[in-house]
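K.L.:
For the protein sequence lines, the chains are A and B, in the order given.
My numbering applies: residue 159 is where the first sequence begins, and numbers increase by one.
My numbering applies: residue 159 is where the second sequence begins, and numbers increase by one.
The reader is advised that the hints may include incorrect statements.
The calculated EDC-like cross-link candidates involving lysine to aspartate or glutamate, where the alpha carbons are at most 20 Å apart (straight line), are [as the list claims (entries may be wrong)]:
id, chain 1, residue 1, chain 2, residue 2
1, B, Lys328, A, Glu209
2, A, Lys328, B, Glu406
3, B, Lys452, A, Glu406
4, A, Lys290, B, Glu361
5, B, Lys452, A, Asp316
6, B, Lys328, A, Asp431
7, A, Lys452, B, Glu361
8, A, Lys192, A, Asp180
9, B, Lys290, A, Asp180
10, B, Lys454, B, Asp482
11, A, Lys454, B, Asp316
12, A, Lys391, A, Asp442
13, A, Lys452, B, Asp373
14, A, Lys215, A, Asp180
15, A, Lys328, B, Asp442
16, B, Lys454, A, Glu209
Rather than coming from a laboratory, the hints here were simulated on the basis of the structure.
Number of protein chains: 2
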Amino acid sequence: MSKPYVLGIDIGGTNTVFGIVDARGHVVASDSIKTRKHNNFNDYVEELHLEVMRLLKLNDAEEKIQGIGIGAPNANYYNGMIENGVNLPWGNNVALAETVSRAFNGIPVAVTNDANAAAIGEMTYGAARGMKDFIMITLGTGVGSGIVINGQIVYGHDGYAGELGHVIVKRNNGRMCGCGRTGCLEAYASATGVARTAREFLELRSDPSIMRNLDIDEITSKDVYDAAMAGDKLAKEIFEYTGKILGEAFADMIAFSSPQAIILFGGLSKSGDLLLKPLREAMDKNVLSIFRGKTKVLLSELKESDAAVLGASALGWEAKYRADVAINSQIISE
Amino acid sequence: MSKPYVLGIDIGGTNTVFGIVDARGHVVASDSIKTRKHNNFNDYVEELHLEVMRLLKLNDAEEKIQGIGIGAPNANYYNGMIENGVNLPWGNNVALAETVSRAFNGIPVAVTNDANAAAIGEMTYGAARGMKDFIMITLGTGVGSGIVINGQIVYGHDGYAGELGHVIVKRNNGRMCGCGRTGCLEAYASATGVARTAREFLELRSDPSIMRNLDIDEITSKDVYDAAMAGDKLAKEIFEYTGKILGEAFADMIAFSSPQAIILFGGLSKSGDLLLKPLREAMDKNVLSIFRGKTKVLLSELKESDAAVLGASALGWEAKYRADVAINSQIISE
Numbered sequence: 159m160s161k162p163y164v165l166g167i168d169i170g171g172t173n174t175v176f177g178i179v180d181a182r183g184h185v186v187a188s189d190s191i192k193t194r195k196h197n198n199f200n201d202y203v204e205e206l207h208l209e210v211m212r213l214l215k216l217n218d219a220e221e222k223i224q225g226i227g228i229g230a231p232n233a234n235y236y237n238g239m240i241e242n243g244v245n246l247p248w249g250n251n252v253a254l255a256e257t258v259s260r261a262f263n264g265i266p267v268a269v270t271n272d273a274n275a276a277a278i279g280e281m282t283y284g285a286a287r288g289m290k291d292f293i294m295i296t297l298g299t300g301v302g303s304g305i306v307i308n309g310q311i312v313y314g315h316d317g318y319a320g321e322l323g324h325v326i327v328k329r330n331n332g333r334m335c336g337c338g339r340t341g342c343l344e345a346y347a348s349a350t351g352v353a354r355t356a357r358e359f360l361e362l363r364s365d366p367s368i369m370r371n372l373d374i375d376e377i378t379s380k381d382v383y384d385a386a387m388a389g390d391k392l393a394k395e396i397f398e399y400t401g402k403i404l405g406e407a408f409a410d411m412i413a414f415s416s417p418q419a420i421i422l423f424g425g426l427s428k429s430g431d432l433l434l435k436p437l438r439e440a441m442d443k444n445v446l447s448i449f450r451g452k453t454k455v456l457l458s459e460l461k462e463s464d465a466a467v468l469g470a471s472a473l474g475w476e477a478k479y480r481a482d483v484a485i486n487s488q489i490i491s492e
Numbered sequence: 159m160s161k162p163y164v165l166g167i168d169i170g171g172t173n174t175v176f177g178i179v180d181a182r183g184h185v186v187a188s189d190s191i192k193t194r195k196h197n198n199f200n201d202y203v204e205e206l207h208l209e210v211m212r213l214l215k216l217n218d219a220e221e222k223i224q225g226i227g228i229g230a231p232n233a234n235y236y237n238g239m240i241e242n243g244v245n246l247p248w249g250n251n252v253a254l255a256e257t258v259s260r261a262f263n264g265i266p267v268a269v270t271n272d273a274n275a276a277a278i279g280e281m282t283y284g285a286a287r288g289m290k291d292f293i294m295i296t297l298g299t300g301v302g303s304g305i306v307i308n309g310q311i312v313y314g315h316d317g318y319a320g321e322l323g324h325v326i327v328k329r330n331n332g333r334m335c336g337c338g339r340t341g342c343l344e345a346y347a348s349a350t351g352v353a354r355t356a357r358e359f360l361e362l363r364s365d366p367s368i369m370r371n372l373d374i375d376e377i378t379s380k381d382v383y384d385a386a387m388a389g390d391k392l393a394k395e396i397f398e399y400t401g402k403i404l405g406e407a408f409a410d411m412i413a414f415s416s417p418q419a420i421i422l423f424g425g426l427s428k429s430g431d432l433l434l435k436p437l438r439e440a441m442d443k444n445v446l447s448i449f450r451g452k453t454k455v456l457l458s459e460l461k462e463s464d465a466a467v468l469g470a471s472a473l474g475w476e477a478k479y480r481a482d483v484a485i486n487s488q489i490i491s492e
């Protein structure tokens, strides 16, 4: 077995992407299945196994997989379960790690949530290479986060740490958030949040904007971006508003863990200086003086499609390592 | 050398307390000197050394000290310096670890800030024994914090992480904070903050209070506590206001690191249910649902006078261990 591989699996709300990854982080081959095709979890794992085996065979890699890493919404690193997987069709308390490991003849499996997987990918292969302290913020439909301290993902005592999309940025009269509370960062700084800001601004104000030609109920963050790039003043203000809220929130995160960098990931992070300029200004203005100028705001260096698979694959090596350590301790204790 | 000891030193703004501590966390003997007697740092260390040696001799422990741990405001674990030691008389950039180690014939020294030292003390000998994830919040003149994740103090990339007294709790029209910004937790939830709330309430409102018999400019958190215990409604409301702000801030901290407990330390934490009841209510009400009911709010189990010395002493064992590892790696590499 000259070239060991791991398998990285990213279970998203729509697609499940899996990749064969070598020790240097090269995705040898990848493919995907539909996440929602089966309402029964065992059927889903059976199809996943079938398709993965097909890909392994094509790449002459059936005997080479050392470990499997999986990123999935609400997947818990400690117990290998998906708990409260609201975006997934299999109900609560799915034994993810155990079921997948069994399907693959006992290959060791480790799981974590998707935001943590992206952070592991960034640390192992992306913009956070060599960093021991950073925070990864995913600006997508929601706002996710993966926190790394002392070179380790922060899981907290229950496996669910790192919900920075749900720190409160508006204590009074804040927007409703999907979590049931009001004023969360996610309600403002996600792609959805930007669209909500656009609707608020367009309804409450009367200054001209090319966005007034759009159906206000269908407006997206992409529409706001396009308008801002075309020079629309109101659209630019929406990004300033969003960046300011993010920068203020980042200043508080820095007071917690003093990271070397905060790394942005996800669709909205591609807005460039429209978002980054007001974000950095607000962060510098609001951060405690001993931290000023120290924490970089960087963009992810991984392709969005690769990051979670690469991160999951890095977790696959960890699963292999943990299994080896467990076996060795058993040998020693015998 | 049958019984090894370490030395724990707590450098406070007024007193420097030092104790000889055994491996089980028993303070064999302790004493103190005045921190501000010498404006020259070398003179200060000379006196400290003299007094420590006297105490060691009295306890037949001159040859037994394995390591020295020091807690001091703004002391940096990574480089052993006190940087920006605003409350201390020796200027910026004092080589604390190096100077003390030299005075003590090369005994290994490790330093950290006072809030982290208290957290280490609590983890090693107090309410956080056995916990790998907790946050220690010191409610004193200011609000300090020591954060433990995966069993390790969070130092951040620069050694200064854990400034939770300076997260922003009032984004608009917040109170001035000693740090130069406005709206910090410390400006509301410290002993000083409680006194400020009392002044605000007494000036802006007209309902009766026994505190109106006091000189409003001299009012302290102790006065507010005494009034509340005597049944004063306005004084009780001040604790409710303070507890609510703390509980809301704690809910955001939980979203970051999902700690098993938040442990309160310092004078104001002794206010009992006056503070704890509204604090816990606000925390439960504001925390993200997946964390609800999981994080305990506990009181420190260490005497305030002992906590920092014990924490520093635990760091002394770490200093000894680090020195041994460094020597062993050198032997191996030779």
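K.L.:
Of all the hints numbered above, which does this structure not satisfy? Sort the numbers upward.
P.N.:
1, 3, 4, 6, 7, 8, 9, 10, 12, 13 and 16
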